[in-house]
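Asker: Chain by chain, the residues:
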Amino acid sequence: MVQGVLTLLVLQLVGEVLARAFRLPVPGPVIGLLLLILALSWRGGAPDWLTEAAEGLLRHLSLLFVPAAAGVVLHLERLRDEAFSLGTALVLSTLLGLVAAAWTTRRLMARTGPEEAGR
Amino acid sequence: MNLPLYEIWAYLQPTPLVGLTLTLAAYVLATSLYGRGREHPLLNPVLLAALLIASVVSLTPLDYATYFQGAQFVHFLLGPATIALAVPLVARGRELRRLAVPIAGGILAGGVVAAGSAVAIGWALGASDRSVCPLAPKSITAPIAMGVAERIGGLPSLAAVLVVATGILGAVAGPALLRRLGFTDVRVIGLALGTASHGIGTARAFQDGPLCGSFAGLAMAVNGAASALLIPLAFSLGALP
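Heads up: the sequence lines are chains A and B, in that order. Reminder that position 117 of the first sequence reads as 117 in our numbering, one-by-one numbering, no gaps. Here our numbering runs 1000 ahead of the position in the second sequence, where the first position is 1.
Check before you lean on any hint, since a few could be wrong.
[Said to hold, decoys possible] Not close to chain A: a few residues of chain B, all C-beta gaps over 12 Å, as computed: (1) E1007; (2) I1008; (3) L1017; (4) R1038; (5) A1086; (6) G1201; (7) L1237.
[Stated by the list, open to error] Facing chain A, a subset of chain B residues (Cβ under 7 Å, in silico): (8) P1016; (9) T1023; (10) Y1027; (11) Y1064; (12) G1093; (13) G1122.
[Claimed, not checked] The following label-pair restraints were derived from C-beta to C-beta distances: (14) V2(A) to L1096(B): 27 to 33 Å; (15) M1(A) to N1002(B): 43 to 49 Å; (16) R1130(B) to E55(A): 48 to 54 Å; (17) E52(A) to S1032(B): 22 to 28 Å; (18) A1176(B) to L13(A): 38 to 44 Å.
Don't read these hints as lab results, they were simulated from the structure. Just so you know, even glycine gets a beta-carbon here, dropped at the ideal spot from N, CA and C.
Please model the entire structure based on the sequences and the hints provided.
Answerer: This is the structure we're talking about:
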């Protein structure tokens, strides 16, 4: 467990250093994610101690967004001047994006052919 | 009884104890309400917990900066959690590779439609340029979105607000909307949630199981990385206003 958390922290550190050293537009954790995907694919899977730490964090992923979301709720009144245009754009574009992603994926999946259905 | 309330508060204020306790308490309460309300989408735990904390911060002497001194420890874990997404992804590596084309196509379509329609609708309804620009990266994870908004001439703080609002909106309305439109495959639902509603959508997808969650996590990461490169490019080419 501690070993797993350490691995995640080291990868984040490496990601942050790479992002700054090469002025990449992608944040450190995303670089860390790509590095871990490469390492685990090469190794052929995650060791149990890493799976344990990762599942522990991901099980309560919602919790981790709470502090930032609370800050946002407090700042919503900043939007008052343009609430209508921004709100409409936000709602419609989110729903359109969801449907576009789902529709395209399903169409292309039907072409790829079913191997095992996803329930 | 005359409690030395001021002294107690003066002692507690600089410690992370209050912010941390409030965050966990709000989340536990929100989760239990969500369960008790038979997982009604409007009782989304992120939304509910955020509203609870926002009311405490507005109604008591606790201000957001003091609250965040404690809550930052929870907030910080978003970094390691993002990296941890690699584990469920690699565990399903074979299926994800087999479906590489549908996945890439779905993320591209969802990402372009979400960013493009946000900018087009905002612009058509007369929002100012500094408000329209942060609409483009609103479907990608907050740290990327703030950097992108800055690069294309929008307000980073407004971008963060729009990002979180988008995430909550997708998590609340997404699964019900997609099921009503006849999408039943959890892989498709997860991918759409991750593409259109980044991490908050991914957190929602994990509630429907690790299969749904992994597709969402992959979509969030790919859309975030691709948008970081493509949105500034689209703006510099003048493809978007």
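Asker: Give a verdict on every hint.
Answerer: Tested hints:
1. E1007: Holds, because the least Cβ-Cβ distance between E1007(B) and chain A comes to about 27 Å, which exceeds 12 Å.
2. I1008: holds, 23 Å
3. L1017: holds, 15 Å
4. R1038: holds, 17 Å
5. A1086: At about 4 Å from chain A, A1086(B) fails to clear the 12 Å cut-off, so the statement is violated.
6. G1201: The claim breaks: G1201(B) does not keep its Cβ more than 12 Å from every Cβ of chain A (closest is about 9 Å).
7. L1237: holds, 16 Å
8. P1016: violated, 12 Å
9. T1023: The hint holds - T1023(B) has a Cβ within 7 Å of chain A, the shortest such distance being about 6 Å.
10. Y1027: holds, 5 Å
11. Y1064: Given a least distance of 6 Å, the restraint on Y1064(B) holds.
12. G1093: holds, 6 Å
13. G1122: Result: holds, 4 Å to nearest chain A Cβ.
14. V2(A) to L1096(B): 27 to 33 Å: holds, 29 Å
15. M1(A) to N1002(B): 43 to 49 Å: Because 47 Å falls inside the window, the suggested range holds.
16. R1130(B) to E55(A): 48 to 54 Å: violated, 42 Å
17. E52(A) to S1032(B): 22 to 28 Å: The hinted range 22 to 28 Å holds for E52(A) and S1032(B), with Cβ atoms some 25 Å apart.
18. A1176(B) to L13(A): 38 to 44 Å: For L13(A) against A1176(B), whose Cβ atoms are near 40 Å apart, the range 38 to 44 Å holds.
Hint violations for this structure: numbers 5, 6, 8 and 16, all remaining hints satisfied.
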